[in-house]
Structure formats: C-alpha cells, structure tokens
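There are 4 protein chains.
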Amino acid sequence: MKRIAVMTSGGDAPGMNAAIRAVVRYGVSKGLEVYGIMRGYAGLLEDDMKVLNFSDVGGIMERGGTILRTARCQEFKVDKGRQEAYKILKDHEIKGLIVIGGDGSLNGAALVAAESDIKVIGLPGSIDNDISETDMCIGVDTCLNTVVENIQKLKDTASSHERAFIVETMGRNCGYIALISGLTTGAEAILIPEVKVDYQALGDKLLAGRKRGKINSIVVVAEGAASAYTVARHLENRTGYETRVTILGHIQRGGSPSVSDRLLASRMGSAAVQAFIDGQSNVMIGIQGNNIVSVDLNRALQKKKELDLSLYDLANTLS
Amino acid sequence: MKRIAVMTSGGDAPGMNAAIRAVVRYGVSKGLEVYGIMRGYAGLLEDDMKVLNFSDVGGIMERGGTILRTARCQEFKVDKGRQEAYKILKDHEIKGLIVIGGDGSLNGAALVAAESDIKVIGLPGSIDNDISETDMCIGVDTCLNTVVENIQKLKDTASSHERAFIVETMGRNCGYIALISGLTTGAEAILIPEVKVDYQALGDKLLAGRKRGKINSIVVVAEGAASAYTVARHLENRTGYETRVTILGHIQRGGSPSVSDRLLASRMGSAAVQAFIDGQSNVMIGIQGNNIVSVDLNRALQKKKELDLSLYDLANTLS
Amino acid sequence: MKRIAVMTSGGDAPGMNAAIRAVVRYGVSKGLEVYGIMRGYAGLLEDDMKVLNFSDVGGIMERGGTILRTARCQEFKVDKGRQEAYKILKDHEIKGLIVIGGDGSLNGAALVAAESDIKVIGLPGSIDNDISETDMCIGVDTCLNTVVENIQKLKDTASSHERAFIVETMGRNCGYIALISGLTTGAEAILIPEVKVDYQALGDKLLAGRKRGKINSIVVVAEGAASAYTVARHLENRTGYETRVTILGHIQRGGSPSVSDRLLASRMGSAAVQAFIDGQSNVMIGIQGNNIVSVDLNRALQKKKELDLSLYDLANTLS
Amino acid sequence: MKRIAVMTSGGDAPGMNAAIRAVVRYGVSKGLEVYGIMRGYAGLLEDDMKVLNFSDVGGIMERGGTILRTARCQEFKVDKGRQEAYKILKDHEIKGLIVIGGDGSLNGAALVAAESDIKVIGLPGSIDNDISETDMCIGVDTCLNTVVENIQKLKDTASSHERAFIVETMGRNCGYIALISGLTTGAEAILIPEVKVDYQALGDKLLAGRKRGKINSIVVVAEGAASAYTVARHLENRTGYETRVTILGHIQRGGSPSVSDRLLASRMGSAAVQAFIDGQSNVMIGIQGNNIVSVDLNRALQKKKELDLSLYDLANTLS
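Residue numbers (this note's numbering), protein chains in the order written: chain E, 1 to 319; chain D, 1 to 319; chain F, 1 to 319; chain R, 1 to 319.
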C-alpha cells in the first residue's frame with residue numbers, strides 16, 4: 001500500500017480541516033495510507049506524525065483551525081534540516097507529501113520537490129488570497145464573511161452616531177480582504193497596499209459625504225496599507241470627527257468554514273491525492289473558474305498575484 | 001438623460017437588493033435615470049414604478065428579500081398584456097429594462113426583447129442555480145450557507161441520539177442545493193432529481209453505516225426528488241430507525257446575503273448597466289470563472305443547466 | 001477521594017456540554033473524582049462510564065449536543081433494571097449522581113434518590129422550558145435564537161411576496177418556544193397548546209391585516225397545538241392565500257450554545273457539585289431571578305410549569 | 001388623546017429599536033399618541049420630532065442601532081438649555097417622556113422629572129450592564145454573544161499556533177462584558193477594572209498553563225482595566241510569547257438583537273407606557289428575576305451596580 005502524508009503549515013485558514021478530511025478519505029478510498037504530520041515542517045523534523053483513518057477525520061470539516069496544527073520552523077530553512085526531514089519521510093516510506101498553506105509553506109514544498117524524490121502537491125490555504133494561478137485560496141471566503149458580519153454590526157451603531165469608524169483587516173502585502181469587505185459593506189473608503197494612501201483626499205471625501213447628508217463613515221484599512229490608529233489620527237486632524245478603531249486581528253483566521261470553503265477544500269484535497277496517483281509532482285492544485293486544475297508550483301510561487309483594481313473602482317462608484 | 005428600469009421577479013433570492021443598488025448607483029454615475037418597477041411584471045402592468053436615486057438604495061445591500069418586491073403575473077403571459085406593458089414603458093421613455101430573476105422571469109425578459117425595441121438585460125437571480133451560461137446565480141451562496149448552518153445544528157443532536165434525520169431542501173428540477181449542502185456537511189445520503197432514488201439501497205447504506213459504528217444518519221433530499229416524509233417512511237420500514245423530518249422551506253430564500261452574493265450582485269448589476277450603455281440587448285449577465293460576461297439570453301434559457309455529477313460521486317466518497 | 005457521576009438523558013439541549021464541563025472541573029477542583037456515564041440510564045445499565053479529568057472537557061463548552069450522548073431506556077422503568085443500576089453505581093463507589101435532562105430524566109433521578117442511598121442532584125436541561133421551580137432550563141435561550149434567526153429569514157422573503165408562512169416549532173405540551181419566538185419576530189399569530197386554536201378567528205385576523213396593508217403573514221405554531229400542514233389547509237380554505245410550511249424539527253436542539261446558556265450551565269453545573277458536597281440530595285438546581293437555587297426535586301416535578309400568558313397578550317398587542 | 005414622547009440617548013445598544021416599537025405600539029393600543037424625538041436631548045432642543053404610528057415601527061425590532069439615532073448634548077447640561085427643552089415639550093403638549101439609555105441619559109431624565117411636570121420613565125439601555133436596580137440592561141445579551149462569537153473564532157486559530165491572544169472589550173468602569181465573555185469562552189485570564197491587574201501573576205499563570213500542556217492562551221481585558229497593547233507588552237516581556245491583539249470596538253454595540261434583548265425591550269417598553277398611564281414618574285423600568293418592575297429612578301442612579309465577583313472565581317475555577 002502506498003503511503004502519503006499531509007500537513008498544514010503557516011498561518012491557518014478556515015477550511016484546512018475540510019482539506020485534510022478530503023485528502024484522508026479520498027486517499028483511503030484509493031487504497032493509500034495517509035499520515036498526518038503535526039505542526040507542519042516543525043513536526044516533520046520531530047517525526048511527529050500518525051496514520052489518519054477514515055473515522056479520524058469525522059466531524060472536522062465544520063471546524064475552524066487545523067487538527068494537525070501549524071507552526072513556523074527555522075530549521076527547515078537550512079539545508080541540514082531539510083535533509084533530515086527527507087530522511088524521516090523516507091524511513092516512513094512516504095512517497096507523496098501534500099502541503100496545505102500559504103506562500104511560505106508552498107515555498108518549502110517546492111524545495112522538497114526539488115531536493116528529494118518525494119512527490120509534492122501544494123494546496124493554497126491563505127485568507128489573504130495572495131497566491132497566483134488560482135482564483136481562490138482555502139479560507140478566503142470564510143474570512144471575508146467574518147469581516148463583513150463585523151463591519152455590518154458597526155454600521156448599525158455608525159448610523160446612530162456622528163462618527164468615523166476605522167476597521168483594520170489583515171493583508172500585509174495584499175489588499176484583497178479589505179477591498180472585498182469594503183466593497184460589500186459599502187464602506188466610504190478602502191485603504192490597501194496596492195493604492196497609495198492620500199490622507200488629504202480621504203479627509204475631503206468624508207467631509208464631502210457629510211455635506212451630502214451622510215451621518216456615518218466607515219473606513220476599511222488593510223494592515224499593510226496603514227495602522228488603523230494612524231488613519232484615525234489623520235482623519236481627526238483633518239475633519240475634526242471623533243474616530244473609533246476596531247482591530248479584527250486573528251478572529252479573521254477562525255470560524256467554521258463557509259460552504260464555499262468546504263467545497264473548495266473538499267475538491268482540492270481529493271484532487272491533490274488524484275494528482276499524486278497520476279504521478280504528478282511539484283504542482284499546486286488551484287481553481288480557475290469552476291475547474292480544479294493542477295499548475296506548476298514554481299510558476300504559482302514566482303508570479304505575483306495581481307489584485308483586480310477594477311473592483312476598487314467599482315467600490316468607489318457604488319459607495 | 002437616458003432612462004432605464006429595473007425589476008425583480010419570481011422567487012426572490014438574497015442579493016437581489018445588492019443588484020438593485022448596483023444598477024441604480026452605477027446607472028446614476030453614468031448619467032442615467034433609473035426607475036424601480038414594483039412587483040415585477042405585475043407592477044409594470046399597473047404602472048407602479050418610481051425613480052430610484054443614489055440615496056434610495058442606501059443600506060439595502062445587506063438586506064434579504066427585495067425592496068422592489070416580486071409577484072407572479074398571468075396577464076404578462078398573454079400578448080395583450082405585454083403590449084400594454086410596452087406602451088407603459090414607452091410612455092415613460094424607458095429605453096432599457098433590467099430584469100433580475102430566475103427562469104420564468106428571464107423568459108419574460110426575452111419576450112420583451114423580441115417584441116419591443118426596449119433593450120433588455122437579464123440577471124440570473126435564483127437560489128436553485130439552475131440557469132445556464134453562468135457558473136453561479138445571485139442567491140445561491142447565501143442559500144447554501146443557510147442550509148448548511150441548519151444541517152450543522154442537526155448534526156449536534158444527531159450525534160447525541162440514534163436516529164435518522166431527513167432534511168428537505170428546495171430544488172424542484174435541480175438538485176444543486178441538496179447536493180452541495182449534503183457534500184459540505186458530510187450527509188450520509190443525498191437524494192436529487194437527477195439521480196433515481198433507490199430506497200432499498202438507501203436503507204442498506206444506512207444499516208451498513210450503523211454497523212461500522214456510525215451513530216447518526218443525515219439524509220438530504222431535494223423537494224424535486226421526494227418528500228422528506230416519503231423518505232422517512234421508506235427508511236423506517238426498511239431499517240426500523242426512528243426518523244425525524246426537517247422541512248426548511250422558504251427560510252432558504254431569506255437572510256442577509258453572503259459576501260460572495262453581494263460581490264456577484266454588485267458586479268452583475270453594474271455590468272448590466274454597462275451592457276445597456278454599450279448598446280447590447282437580449283443578453284444575460286453571467287459569471288464564468290472570475291469573469292463577468294454577457295451571453296445571449298435565448299441561449300441561456302434554451303440550454304439545460306447540467307449538474308456536475310462528479311460532485312455527487314465526491315460526496316459519496318468523502319461521507 | 002469521593003466519587004460522583006454525571007449523565008445527560010432524554011432529548012438533548014445546547015449547553016449540556018457546558019454543564020458537564022462545569023461539573024467535572026468544579027468537582028475536580030474540590031477534590032472529587034467525576035465519572036461520565038454514557039447514554040444516560042441506558043449506558044448506566046451497561047456500565048458504560050469513564051473518569052473525566054480536567055482536560056477531557058476542554059473545548060466542549062461551545063459545542064452543541066452532549067459528549068456523553070443520550071438515549072432512552074425502558075429497562076430503567078422497571079424495578080429490576082433500577083436495582084441493577086444501583087448495584088453498578090455502588091460497585092464503582094459512586095456517592096453522588098448528577099442528572100442533566102428534562103422531565104422524564106429527572107423523574108428517573110427522583111427514583112434513584114428515593115430507592116438508593118446515592119445522593120442525586122438534577123439539572124433542568126430542556127429546550128421546552130417546561131420544568132417548574134426554575135425560570136429557565138439549559139438550552140432554551142439557544143433554541144429560541146435558532147428559531148428566531150430562521151423566522152427572520154422567512155420575513156425577508158415574506159415581505160417580497162403575498163403569502164402566509166406557517167412555522168412549526170417544538171413544544172408538545174408547552175408553547176414557550178412558539179410564544180417567545182413569535183413575540184420576538186412580530187409574528188401575526190401564535191398557536192400554542194395552552195390556548196384553544198380558533199381557525200376562523202385566525203383567518204379573519206390575517207384577512208384584516210391584509211386589508212390594513214400588510215403584505216405578508218407569519219404564523220408560528222407549536223407542534224402540540226397543531227401540525228403546520230393542518231394550519232396551512234385551514235388558512236387556505238378560509239383566506240384563499242397561498243401558504244408555505246417550514247418544519248424546523250431537531251435543528252432546534254442543536255447549535256453552539258448562546259452566552260446565556262453557557263453561563264447558566266456553568267453556574268448550575270458547579271452548584272450541583274456544591275450541593276452534593278453540602279450533603280444535599282433529591283434536589284434540582286434552578287435559577288430564580290439571578291439566583292442559583294436548590295429546590296426539592298419532587299416538588300419541581302409535580303408542579304406544572306405555567307406559561308406566562310401575559311406575554312401572549314403582549315405579542316398580540318405588539319404585532 | 002394624551003401624548004407621550006420617546007427618545008434614545010447616549011451610546012446605542014441592540015434592542016433599542018425593539019423598545020421603541022413596544023413603546024409606540026403599546027401606547028397606540030392604549031389610545032396615546034407617541035412622538036419619536038430624534039438624536040436624544042440634542043434633537044429635543046432642536047424640536048426634531050415626529051409622530052410615530054403603528055406601522056412606522058414595523059420591521060425595526062430585528063435591527064441594531066436606533067431609528068431615532070442618538071447624540072450627546074452639552075446644552076442640556078445647563079439650566080437654560082433644559083428650560084428650553086421643557087418649553088418645547090409643553091408646546092407639543094407632551095405629558096410623558098420615555099428615555100432609553102445608559103447612566104448619563106437617565107441622569108438627564110431624572111433632571112426632567114425634578115424640574116418639570118412632565119412624567120418621566122427611564123429604560124436601561126447599555127451594553128455595559130452597569131445600571132443598578134435591574135438585573136439586565138437592554139443590549140447586554142446581544143453584546144455578549146457578539147463578543148463570544150468572535151473570541152470563539154480566535155480559539156480556532158489559537159489552538160493551531162503557540163501564542164497568546166489579547167482581546168479588548170468595552171467596559172470603562174464595569175467589567176461585566178469581559179467577565180462573562182471570558183467565563184463563557186474559557187479564557188485563561190480575565191482583566192477587569194474591579195480587580196487589580198497583576199501582570200506578574202498573569203505571566204506566571206500563562207507559563208504554568210503552558211507547562212500543563214496548554215497550547216494557546218486567550219486573555220480578555222476590559223478597556224477600563226488596561227489597554228490590550230499594554231497587556232501584550234507585559235506578557236511578551238514576562239513570558240517571551242508572541243502576542244496578538246484584537247480590539248473589538250464598536251462592533252459590540254451593533255448587530256440584530258438576540259431573542260433575550262428583544263423580549264426584554266418589548267416587555268420594558270410596554271411597561272414604561274403602562275407606568276405612565278398609571279401616573280408614575282421619575283421611575284426606571286427594570287427586570288428583577290423574571291419580573292418587570294418599576295423602581296425609583298434616583299435610587300437606581302445613585303446606587304453603584306456591584307459586579308458579582310463569585311463569577312470571577314467561577315471563571316478561574318473552570319478555565
């Protein structure tokens with residue numbers, strides 16, 4: 001019986017458990033034995049893994065986080081560490097490795113593919129939606145719904161008072177979360193790393209809105225564009241409004257996955273196993289349109305994901 | 001200033017308000033005047049419409065239902081009724097008509113396009129996801145999340161008792177809701193109109209699951225495949241289990257739209273106006289992959305939407 | 001070290017896990033050893049129990065259902081069965097038994113108290129809120145929020161169409177769920193076992209509402225008052241409206257417990273252990289106002305819980 | 001026909017709309033005319049009010065915020081401003097004033113009662129639950145559920161990583177929100193204004209938890225006890241853990257009200273009108289146990305609400 005292993009690594013994302021479940025159950029249904037490696041590359045180096053059977057992944061699809069947990073790992077970044085890891089995988093006769101995670105984790109996966117004869121399949125799990133060659137990453141949809149549900153609550157109180165509210169979302173290099181959550185809540189302004197922040201224009205926009213009769217203002221800012229506190233200070237100086245700050249933080253990584261994330265993770269997880277069976281390696285499973293595809297892992301990693309700035313314009317037009 | 005009108009028709013779907021908002025605001029930003037027609041074709045025949053300004057559609061994106069309401073209309077099905085409707089539209093100098101709705105409503109829209117010189121753009125709004133030439137319809141994602149959240153609650157209690165639970169979802173001709181909600185909750189069986197129901201096999205499957213140690217069973221059934229009560233009776237006869245029935249009914253049409261539905265509706269609504277500006281008519285706005293497209297309305301209506309049965313197999317493999 | 005046991009029995013209710021957690025952790029903190037008995041009296045008779053430590057109940061407070069599961073048990077209703085049960089408890093040197101459940105389960109608990117020298121403490125867990133001597137039972141608040149969230153979705157679609165919607169809730173003998181959910185959603189009518197159903201008056205009320213300009217009607221009916229289908233048929237006959245039915249079923253028993261249920265269960269669970277330590281037996285823990293109290297178990301069981309019908313009048317006044 | 005007025009004032013709270021609805025509909029049912037005053041005392045001074053009829057408050061019970069909006073008002077704090085306000089109320093022949101709000105708003109209400117012959121009834125609306133003579137204020141239950149749902153998401157990711165998460169809740173003088181949300185999520189530590197913060201003990205507690213095998217730590221801190229960033233810095237210094245901060249901010253004031261808040265607000269709103277009819281003045285409507293009561297307004301304002309610190313101990317025992 002062939003043996004593969006699955007791990008989650010880096011920042012966690014809702015839907016990782018659904019992906020693990022799909023890998024295990026699809027794998028088992030195809031006659032494979034599936035190991036779960038704990039805490040990503042860190043657990044791999046400590047040989048912390050166990051067989052996952054069909055029933056071991058029952059009742060996990062609906063749960064946030066990852067039953068395999070995640071960790072960051074410095075040792076895997078040096079050659080010696082990785083060689084040790086390959087030895088451990090070989091000792092267990094593990095022929096395939098499925099890595100679920102973001103940019104950094106998939107870079108690790110590409111190294112395994114390049115440096116060993118283990119077949120490697122990556123799955124894009126990242127709430128930031130910052131990975132190329134796939135329309136969506138596992139976790140994005142749930143994250144967006146969490147952010148929007150919270151901003152929606154803010155709108156209730158915002159329309160009771162005369163204030164500006166600044167909401168800071170995740171997104172260090174990529175404004176996707178801020179952009180989509182701002183667009184779908186009708187935020188008055190959206191600040192993202194991809195567009196230079198102009199505090200003067202921002203203040204003027206809010207003042208103009210107030211003149212037109214608006215009684216509240218919500219500004220969504222990606223952490224990579226500015227700190228919510230900085231935005232608040234600038235706005236207070238320019239407009240004289242009271243400002244209030246919400247920092248959503250890691251709640252954006254949690255929550256029971258949405259239907260869309262469960263479906264995506266289930267499809268990707270089983271496609272990853274199928275890719276292994278088909279003899280593929282150094283690929284990433286992605287979704288393009290409605291199609292689950294297998295793309296070159298290195299190309300996905302080297303290409304920068306472009307944010308669709310027409311949505312930024314649309315947000316401005318509609319708000 | 002050119003004048004267009006927007007209506008919602010047929011069964012309502014979450015996100016219709018977001019589409020109305022996008023039509024109005026995008027239209028106004030392009031210098032159009034936008035009328036809102038109340039209660040679909042019925043309201044049109046009664047000349048029940050009013051101008052919608054930018055601020056009239058504030059705060060509606062997040063609300064279920066449709067501020068324009070919907071109704072069914074027999075008179076529009078006869079020639080005389082439709083001629084009257086065209087006269088009303090002409091009297092108001094309405095040059096374009098945007099219809100948001102399902103199959104029946106879009107069929108009406110196609111008639112307007114064929115029989116008058118009013119430019120007609122359709123938007124697919126239907127929780128059933130049964131319209132061709134578009135991957136998704138407005139409302140589907142929210143509906144699925146409503147269904148799954150409820151089935152998830154059932155799983156809590158299901159794993160406390162020894163019973164079978166039958167959940168009936170919408171879907172008269174199309175099993176999409178049942179299929180995806182069943183797949184993403186790990187339902188033990190999914191009954192859809194597209195696959196012949198075999199009660200003997202169903203009973204055997206549940207008995208086999210119980211033998212393997214399963215302590216609960218959830219069966220999701222689309223209303224078009226069978227009534228939940230019929231399924232329950234068959235199961236009780238065959239297995240001797242106690243069964244309990246949930247009929248979700250019209251709660252599936254309600255709820256604040258999900259991020260995905262808000263985004264889809266915002267993109268489609270503005271694209272519909274742009275299509276009118278570009279001189280298009282007798283088209284439907286759809287989404288194919290990540291791209292908003294404009295497709296021939298008649299082709300969309302004539303082609304039967306095929307359910308992706310590989311997802312049915314995946315559900316069986318993973319549950 | 002003294003030893004106690006805890007079980008859940010009968011229909012499950014959200015918050016039971018929070019109560020189990022409190023019993024175990026409070027017990028352990030007081031130097032007791034706590035056994036968890038599986039599947040209520042049925043598991044007791046099969047000697048299906050295990051020690052629960054502090055960490056065994058980690059991460060369960062937020063989960064619906066009960067980790068100890070429940071079952072119904074015929075054998076416990078006969079003397080011979082119960083004597084066997086007492087023997088098993090004695091063999092394990094279990095000095096105290098905490099039973100979390102509804103009417104039937106607490107009746108069983110009272111028998112244990114009367115027939116053995118095991119100290120027995122009952123906790124009222126029942127979504128029906130039908131137990132006397134306590135203002136609230138564990139699970140009621142979560143159940144109500146589930147029902148109301150669903151009816152709220154119905155209101156979205158209800159105000160888009162011209163129809164009557166009939167929602168059937170749990171409540172065989174007690175209309176509490178229907179009454180409170182109807183009151184807090186502004187339902188047009190509420191049918192409960194405590195008030196004789198008058199279909200003629202109901203039809204007239206809906207017709208009158210329609211005349212006043214109402215465009216939708218929601219009727220909430222407790223299963224003990226009538227079947228939703230019966231109500232629908234009567235209404236259609238009398239008013240000619242289209243009617244649509246929702247049967248919520250066992251989703252009312254599930255879901256992550258609300259804050260109020262977690263708090264109530266945590267307070268009651270620890271109070272139950274403290275009552276055992278204080279030498280009490282044959283009592284039920286209840287909440288009266290803000291105070292956790294210990295009341296005579298038999299009195300709680302013999303007294304019929306009265307529904308506050310002034311709330312029924314209030315619902316009629318406000319809707 | 002007698003005339004009364006209702007206003008919301010100060011920080012808004014979920015359920016205020018349900019209270020407004022109850023005041024209006026109960027009042028109308030008793031033959032009163034009910035004015036809604038916009039933006040609290042500020043709107044009163046600007047004579048910004050209108051009659052609210054039965055249908056004006058349809059569909060508002062389920063919405064967060066307040067349709068009457070709120071504002072702060074300096075002029076009402078000086079005698080001259082208040083005399084003007086009384087004149088406006090008299091000119092409208094308003095005999096009774098119902099004020100829904102927190103501490104400050106109710107202090108204003110007490111002044112009206114003392115200085116004019118207008119009958120004044122206060123309703124405690126405050127997410128902080130910091131008002132005496134009532135077990136609960138309108139908005140508390142919804143706020144707690146919002147906080148807990150968000151912390152719950154944090155727990156998903158917390159158990160995937162090795163970190164400490166600091167969540168800052170509202171509560172300037174009163175730790176109720178932090179205490180109850182911490183207790184019902186099993187937070188490792190709760191910092192409230194009522195208990196002196198000991199950073200050394202806090203760090204030791206987290207280190208000890210880690211030694212026992214805990215892989216995550218959540219600290220809930222009321223804004224009145226410390227800033228989340230201060231707590232994070234202290235913890236990092238003492239333990240070396242990575243820390244992550246969430247500032248919930250004003251999302252705690254929003255959201256569709258829970259069933260409990262809708263019920264409380266409906267009962268309190270109608271009781272307030274009944275108190276006016278009964279000739280009462282200078283009272284506050286409260287809930288004590290299950291009973292809606294009318295208490296002396298000044299006593300409610302002068303007495304400090306005591307936090308039940310036994311719940312703090314319980315949280316420590318159970319976490």
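Honestly, I wouldn't trust all of these hints.
[Unchecked claim] The calculated DMTMM-like cross-link candidates involving lysine to aspartate or glutamate, where the alpha carbons are at most 20 Å apart (straight line), are:
(1) D:Lys80 - D:Asp48
(2) R:Lys214 - E:Glu93
(3) D:Lys214 - F:Asp48
[As the list claims (entries may be wrong)] Examples of chain R residues lying across from chain E (beta carbon under 8 Å, computed):
(4) Lys95
(5) Ser160
(6) His161
(7) Leu207
(8) Thr243
Hints are computed from structural coordinates only; laboratory data are not their basis. Even glycine gets a Cβ: it sits at the ideal position worked out from N, Cα and C.
Now the hints, each set against the structure:
{"no.": "1", "hint": "D:Lys80 - D:Asp48", "in the structure": "holds (18 Å)"}
{"no.": "2", "hint": "R:Lys214 - E:Glu93", "in the structure": "violated (32 Å)"}
{"no.": "3", "hint": "D:Lys214 - F:Asp48", "in the structure": "holds (18 Å)"}
{"no.": "4", "hint": "Lys95", "in the structure": "violated (27 Å)"}
{"no.": "5", "hint": "Ser160", "in the structure": "holds (4 Å)"}
{"no.": "6", "hint": "His161", "in the structure": "holds (6 Å)"}
{"no.": "7", "hint": "Leu207", "in the structure": "violated (19 Å)"}
{"no.": "8", "hint": "Thr243", "in the structure": "violated (10 Å)"}
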